[in-house]
Amino acid sequence: MLKCKSILHPTDFSEYSRPAFEVACSLARDNKAELHLAHVIPPIVVGYGHGVVPPDPDVRRREVEQMLESLKAEAAPLSVTIHVEDGEAAPAVLSLADRIHCDLIVLGTHGRTGLARLLMGSIAEAIVRKAKCPVLTVKIPDKR
Amino acid sequence: MFKKILLPVDLSNRHDAALRIAIEHARQSGGEVELFHVIEKISDVPIEEERDFYDKLKVKAEKHMNKLAEKLKQAEVRYRREIRIGHRCATIVQHADEEKFDVIILTAPKIDLNSSDGWGSLSYKLSILAPCPVLLVK
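For the record, the sequence lines run as chains A and B.
Counting from 0, one number per residue, gives the positions in the first sequence under numbering that gives the first Met the number 0.
Counting from 0, one number per residue, gives the positions in the second sequence under numbering that gives the first Met the number 0.
Among the hints, erroneous ones may be present.
As the list claims (entries may be wrong) - Using 20 Å as the maximum straight-line C-alpha spacing, the simulated EDC-like pairs for lysine to aspartate or glutamate come out as follows:
| id | chain 1 | residue 1 | chain 2 | residue 2 |
| --- | --- | --- | --- | --- |
| 1 | A | K131 | B | E39 |
| 2 | A | K2 | B | E39 |
| 3 | B | K99 | A | E21 |
| 4 | A | K31 | B | E23 |
| 5 | B | K59 | B | D9 |
| 6 | A | K71 | A | E124 |
| 7 | B | K99 | B | D15 |
| 8 | A | K129 | A | E68 |
| 9 | B | K2 | A | D29 |
| 10 | B | K62 | B | E39 |
| 11 | B | K66 | B | D9 |
| 12 | B | K137 | B | D9 |
| 13 | B | K124 | A | E124 |
| 14 | B | K3 | A | D29 |
| 15 | B | K137 | A | D102 |
| 16 | A | K4 | B | E23 |
| 17 | B | K57 | B | E33 |
| 18 | B | K137 | A | D97 |
| 19 | B | K3 | B | E75 |
| 20 | B | K3 | A | E21 |
| 21 | B | K70 | B | E39 |
| 22 | A | K2 | A | D102 |
Treat the hints as calculated values from the structure; they're not laboratory data.
When you get a sec, could you build the whole thing from the sequences and use the hints?
Printed below as a string of structure tokens:
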């Protein structure tokens, strides 16, 4: 029996995440699952110099929370929990997946861009490889 | 939500979890599962030159797929079987594209993070190159 009661969808709010968000919502609906929407705020790297002001982390966090709340509203009436994590994206997502004991991670990927992709590291690849639970990768549909 | 489900299989016995999940999705959607096996082509040797060799592999693959098909039959899920000769990854990607599958369900090997083994496996390549969503079952 497919046990899929908790679905994690990490998003970077880009167009690549959109199809994955829609698939995650559909699966949550079909399985009556809890949907976890997450965004990871990467560490701030600032090149110090005259006139450079580091971004305010609290402001950034509030923006992210608002964007996640907006996705949560779109997903209604699904049961949705939002998570704002800090750190490097892949380890943060994997750690969250462990903490919430998710049954499935639904990830947006950048699609086919040739064999060079196989040799390049990416957040999605790291999650796909290291996750302990099943991972569903979803690409942006071809615009052919 | 996935009606056309592609389940690539090799001749190992490690597909139970992927098959179970494929059955569950097909039941949920009223969809169909295609068991798909690719016999890896020997590079630079025309298929006709090694026809007997490929035929033997095909018979072996058919026997193995019959066992998997039996489980689909028991679960009352519609299914198809397909065997091709070619490069595994490219053939699966091309087939998924041509036939407009909704999802590919695959068994992913467990990776030892302290070893380099398994990192270039078919399942991880497919998750990057496939035209449709790919569900990797661990």
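Status of the hints after comparison with the structure:
1. K131(A) to E39(B): violated, 29 Å
2. K2(A) to E39(B): Answer violated: K2(A) to E39(B) is near 34 Å, above 20 Å.
3. K99(B) to E21(A): holds, 19 Å
4. K31(A) to E23(B): It holds: about 14 Å lies between the C-alpha atoms, which stays within 20 Å.
5. K59(B) to D9(B): holds, 11 Å
6. K71(A) to E124(A): violated, 26 Å
7. K99(B) to D15(B): Violated, because 24 Å separates the two Cα atoms, which is more than 20 Å.
8. K129(A) to E68(A): violated, 28 Å
9. K2(B) to D29(A): OK: K2(B) and D29(A) at ~13 Å, within 20 Å.
10. K62(B) to E39(B): Answer holds: K62(B) to E39(B) is near 17 Å, not above 20 Å.
11. K66(B) to D9(B): Measuring from Cα to Cα gives roughly 13 Å; hence the hint holds.
12. K137(B) to D9(B): holds, 16 Å
13. K124(B) to E124(A): Distance of about 10 Å is within 20 Å: holds.
14. K3(B) to D29(A): holds, 16 Å
15. K137(B) to D102(A): holds, 11 Å
16. K4(A) to E23(B): Measuring from Cα to Cα gives roughly 14 Å; hence the hint holds.
17. K57(B) to E33(B): Roughly 17 Å separates the two Cα atoms, so the pair holds.
18. K137(B) to D97(A): Satisfied, since the Cα-Cα distance of roughly 14 Å is no more than 20 Å.
19. K3(B) to E75(B): holds, 15 Å
20. K3(B) to E21(A): With a Cα-Cα distance of about 18 Å, the restraint between K3(B) and E21(A) holds, given a limit of 20 Å.
21. K70(B) to E39(B): Outside the cut-off at roughly 25 Å; violated.
22. K2(A) to D102(A): Distance of about 7 Å is within 20 Å: holds.
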